[in-house]
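**Q** Residue strings, one per chain:
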Amino acid sequence: VIPSDADADADTGRRLALLRVAFGTILLMYQTGLYGISRVASWAPAFPRHRFASEAAYYLAGFHLPAPGFAWLPVPSLSGYRRLEVAAFLLTLAWSCGLATRVTGPLLAALWSYFLLVSQLSYQHFYFLLCLVLLILAFAPTADHLSADALLRRRWRLPPPPPRSLLPVRLLQGTVSIVYGFSLLSKLNQDWFSGQIIEALRSEGAYAGPLAPLVLASFPPRFLSLFTLAVEGFLVFALWLPATRPLAVALGVALHLGIDAMMPVATYSYQMLGLYLAFVTLGPRAGRRLAFVRRTETTDGLRAPAPATVSADRGGAHADD
Amino acid sequence: MEGGSAPAKTDRCGARAVRPRRWLGPAVIAVVLGGELALAVQATARQDGQYGWGMFASVVDFQVRYDWVLADGRLRQHLPGGELRGRARQLVGHGGSTLYRQGAIRRFVSGYLGYLVEHRPPADAVAIRASLRHRVRGEQTWTPSLLERPLPRSSAHP
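These protein sequence lines map, in sequence, to chains A and B. For the first sequence, position 243 (counting from the first letter as 1) is numbered 609 according to the working numbering, and the numbering increases by one without interruption. For the second sequence, position 24 (counting from the first letter as 1) is numbered 27 according to the working numbering, and the numbering increases by one without interruption.
Read the hints as simulated data drawn from the structure, not as lab findings. Watch out, some of these pointers could steer you wrong.
[As the list claims (entries may be wrong)] Listed next, the stretches of chain B that the computed footprint assigns to chain A, with coverage defined by at least 3 CB atoms under 8 angstroms from CB atoms of chain A:
#	stretch
1	57-71
2	136-149
[Said to hold, decoys possible] Listed next, with one range per pair, are the computed distances between beta-carbon atoms:
#	chain 1	residue 1	chain 2	residue 2	range
3	A	S408	B	G99	22 to 28 angstroms
4	A	V441	B	T146	31 to 37 angstroms
5	A	R448	B	A41	16 to 22 angstroms
6	B	A33	A	P608	21 to 27 angstroms
[Stated by the list, open to error] Over the 12 angstroms line for every Cβ pair with chain A, so calculated as not near, a few chain B residues:
#	residue
7	G28
8	A74
9	D75
10	G76
11	L78
12	R79
13	Q80
14	H97
15	P124
16	P125
17	A126
18	D127
19	R132
20	P153
21	L154
22	R156
Remember, it's a predicted structure, so these values are computed and weren't measured experimentally. Backbone N, C-alpha and C define an ideal beta-carbon position, used for all residues, glycine too.
Turn these sequences into a full structure, and let the hints steer you where they fit.
**A** This is the structure we're talking about:
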């Protein structure tokens with residue numbers, strides 16, 4: 367059920383909590399190696415998975431291709447890097463469970479941003495997007511629901527949190543449109559219009575997994591490239607509009623699961639799908655049948671203080687943002 | 004100090020009224036999304052897929068050769084060694100292909116030149132030069148370009 371945006375103000379806390387859980391799960395997937403339909407045969411979970419197997423493979427020891435302007439950042443030794451990975455894993459666990467999110471969130475965002483800026487990870491889109499989203503969620507009130515913090519707040523009979531600003535939600539929504547918009551813009555070339563890019567990517571070895579040959583054999587290259595262009599262009603604006611949102615979500619799911627099944631794009635597909643939660647309102651009864659959700663509902667039986675201003679969420683910034 | 008300022012407005016329960024800072028939300032949105040937009044626009048203008056969400060736009064083949072420019076004008080080839088590891092070796096070693104467009108390759112090579120100037124400057128060189136050429140896969144013509152970075156005087160003539 368995807369209701370209209372009219373009740374989005376009351377729903378902001380839930381959306382932020384869901385986004386925290388979704389991105390916490392995605393971070394854990396990445397850190398344990400349990401991601402990617404295209405690489406499902408090679409899943410070998412580790413807790414956490416270390417990026418560098420040995421000193422010989424530790425590329426930060428040489429020219430490490432840092433993010434522009436951040437070559438001055440200190441580079442840890444291999445053992446130091448591994449300790450940071452363990453710290454990131456523990457912080458991710460705590461943040462995903464909603465434990466002390468005001469502390470664990472910013473620490474986690476800082477650590478992942480450090481990994482991004484210091485190393486060749488800055489090359490990868492999924493990691494850049496992950497850091498952007500983490501930086502937004504880390505400073506947002508994401509622990510009002512579905513969290514250890516909410517559970518403790520209810521047990522200790524603390525007052526419920528106030529209605530939350532839509533600001534972080536708007537930032538995530540804007541990020542989604544920017545990603546799709548510029549991704550489309552870069553693809554407006556003859557290779558994509560003609561479908562030649564599908565063959566070029568094949569020659570580049572960009573496809574992987576057992577489903578890729580099946581998809582490539584089932585659809586003409588030009589259909590795949592034009593479908594990608596059309597869906598990306600549609601998603602730039604269609605996710606914002608209640609009337610087109612269900613179709614946009616369905617097309618987005620098809621596009622990203624298709625990409626994930628054919629190409630090793632790490633957790634990028636799951637991140638984009640997770641960001642759709644910023645557009646979807648759930649209503650006050652969503653998830654109430656689950657015992658854990660009921661226990662972490664801080665507003666149940668307690669009156670929240672009235673908001674300073676109340677406005678319908680119709681696409682513009684909230685008055686309190 | 005207490006008598007100098009006006010008393011804060013309170014409601015019936017004595018709670019202090021807080022005036023919402025209405026400019027803050029739009030300002031944060033403008034800064035964050037404006038920053039993301041600026042990064043994406045500059046990356047698009049430079050045909051650089053990184054930070055511009057431009058991956059998979061095309062497959063770009065490229066070749067690169069490095070030469071130290073000596074004081075008398077002669078060139079001496081530099082062969083990248085163990086200082087390039089992981090993806091850096093694939094990207095700026097000798098050549099290859101990328102999904103991140105030609106602008107990204109120019110930036111990566113330029114970054115490597117900066118690294119060489121800082122960490123591997125020979126005594127008799129005055130600059131390091133990268134001769135780069137690229138083409139979009141499927142096209143016949145290669146586009147050449149030259150990147151050069153001078154050495155500081157102190158390192159060239161110790």
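**Q** Each hint needs a verdict: does it hold in this structure or not?
**A** Hints versus structure:
Against chain A, the stretch 57-71 of chain B contributes 6 residues with a C-beta closer than 8 angstroms to a partner C-beta. That satisfies the three-residue criterion, and the hint holds. A stretch counts as covered by a chain when three or more of its residues have a beta carbon under 8 angstroms from one of that chain; for the stretch 136-149 of chain B and chain A the count is 3, and the coverage holds. Between S408(A) and G99(B), the C-beta spacing of about 24 angstroms keeps the proposed range 22 to 28 angstroms intact. One distance hint, 31 to 37 angstroms for the beta-carbon pair V441(A) and T146(B), holds here, with the actual separation near 34 angstroms.
Remark: the range hint 16 to 22 angstroms for R448(A) to A41(B) is contradicted by a beta-carbon distance near 35 angstroms. Restraint check, A33(B) to P608(A): a C-beta distance of roughly 25 angstroms satisfies the suggested window 21 to 27 angstroms. Listed as a non-interface residue, G28(B) fails to keep its Cβ farther than 12 angstroms from every Cβ of chain A; the least gap is roughly 3 angstroms. Against the 12 angstroms criterion, A74(B) stays outside the reach of chain A, whose nearest CB is about 25 angstroms from its own CB.
Annotated as non-interface, D75(B) keeps its C-beta farther than 12 angstroms from every C-beta of chain A; the closest such distance is 28 angstroms. The Cβ of G76(B) lies farther than 12 angstroms from every Cβ of chain A, with a closest approach of about 27 angstroms, so its non-interface assignment holds. With a least beta-carbon separation of about 21 angstroms from chain A, L78(B) lies farther than 12 angstroms from that chain, consistent with its non-interface assignment. In this structure R79(B) is separated from chain A by more than 12 angstroms, as the shortest Cβ-Cβ distance comes to about 20 angstroms.
In this structure Q80(B) is separated from chain A by more than 12 angstroms, as the shortest Cβ-Cβ distance comes to about 18 angstroms. Here H97(B) stays apart from chain A, with its beta-carbon at least about 14 angstroms from theirs, past the 12 angstroms limit. Every CB of chain A is more than 12 angstroms from the CB of P124(B) (nearest about 14 angstroms), matching its label as outside the interface. Distance check on P125(B): its Cβ is at least 17 angstroms (rounded) from any Cβ of chain A, clearing the 12 angstroms threshold; non-interface status holds.
Residue-level check passed: A126(B) sits 21 angstroms from the nearest beta carbon of chain A, beyond 12 angstroms. Against the 12 angstroms criterion, D127(B) stays outside the reach of chain A, whose nearest CB is about 22 angstroms from its own CB. With a cut of 12 angstroms on Cβ distances, R132(B) stays outside the contact zone with chain A, its closest approach being about 17 angstroms. Once the 12 angstroms rule is applied to beta carbons, P153(B) is consistent with being away from chain A; the minimum gap is 18 angstroms.
The beta carbon of L154(B) sits about 17 angstroms from the closest Cβ of chain A, which is more than 12 angstroms, so the claim that it is off the interface holds. For R156(B), the shortest C-beta to C-beta distance to chain A comes to about 22 angstroms, beyond the 12 angstroms cut-off, and the non-interface label holds.
This entry does not satisfy hints 5 and 7, going by the numbered hints stated previously.
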